[in-house]
Amino acid sequence: PDAVIEGRLLEAIGRIDLIITMGTRAARAFRDRGVATRIRVVAGGIDSARFFRKSAPAQTDLVFVGRLVPVKRVDLFLRAVYLARKTLPDLTATIVGDGPLRTFLEKIAAELGLKDCVMFAGQHSDVEAWLRRARLFVLTSDSEGLALSLMEAMHCGLPAVVSDVGDLGDLVEDGGYAYLVAHRTPEEFARRFIQC
Numbered sequence: 003p004d005a006v007i008e009g010r011l012l013e014a015i016g017r018i019d020l021i022i023t024m025g026t027r028a029a030r031a032f033r034d035r036g037v038a039t040r041i042r043v044v045a046g047g048i049d050s051a052r053f054f055r056k057s058a059p060a061q062t063d064l065v066f067v068g069r070l071v072p073v074k075r076v077d078l079f080l081r082a083v084y085l086a087r088k089t090l091p092d093l094t095a096t097i098v099g100d101g102p103l104r105t106f107l108e109k110i111a112a113e114l115g116l117k118d119c120v121m122f123a124g125q126h127s128d129v130e131a132w133l134r135r136a137r138l139f140v141l142t143s144d145s146e147g148l149a150l151s152l153m154e155a156m157h158c159g160l161p162a163v164v165s166d167v168g169d170l171g172d173l174v175e176d177g178g179y180a181y182l183v184a185h186r187t188p189e190e191f192a193r194r195f196i197q198c
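Take 3 as the starting number for the sequence shown in our numbering and just add one per residue.
Hints in this document: simulated from the structure, not taken from any laboratory. Here the structure is a predicted model, which means the values were calculated and not measured. You may find that some hints are simply not true.
Unchecked claim - Computed spacing ranges between beta-carbons, pair by pair:
1. Leu20 <-> Asp144: 37 to 47 Å
2. Asp144 <-> Ile196: 21 to 31 Å
3. Leu20 <-> Lys109: 45 to 55 Å
4. Ala112 <-> Arg40: 26 to 36 Å
5. Val6 <-> Gly47: 45 to 55 Å
6. Ser57 <-> Asp19: 42 to 52 Å
7. Asp128 <-> Leu12: 18 to 28 Å
8. Asp144 <-> Arg33: 48 to 58 Å
9. Asp128 <-> Ala5: 40 to 50 Å
10. His126 <-> Asp92: 35 to 45 Å
11. Arg30 <-> Arg69: 20 to 30 Å
12. Asp144 <-> Val43: 20 to 30 Å
13. His185 <-> Val71: 39 to 49 Å
14. Ser57 <-> Asp34: 40 to 50 Å
Where is the CB? At the ideal position from N, CA and C, for every residue including glycine.
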């Protein structure tokens, strides 16, 4: 949000030979700001020896993987779970990750009566195991690049319900197997959870 810093960064970027970014919206943002430097989009790599589809019964319905920070909007995820449970009373969710908002988010879950159906699993290095235990991957962020967590979930064969922000549209074609949620409200996310 600082015009002076942004101007200096754009000036510095304009002097380099090549910009590599993970998604097309990031590339478009540079172009929209007048950067003429060559830009190449190179998506992050996923270790297919770790992240692969495995058929096993789901132990949780929804899984969120990410840092527990404001931009990830885990509060929105919790409110959507609350609403979806009005139609799907047995719906369960797992939150894999940690961060400064964990205590606050656990409090929201308790206030919404979700203590018994939402598990805060904490940070784990074996994210693939948590993904393979779920039925649906969810990402409720206000802002994202090309989310590696989404790519990992897709490699594990999970359908996804994600915010229509950043470069997520490079990975998800809306409808059927995955959904981009443009109107990022608890009601809209809950509707997609129910559909899936």
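For each hint given before, does the structure comply? Return the numbers of the non-compliant ones in rising order. Numbers 1, 4, 5, 7, 8, 10 and 13 - these are the hints that the structure violates, sorted from lowest upward.
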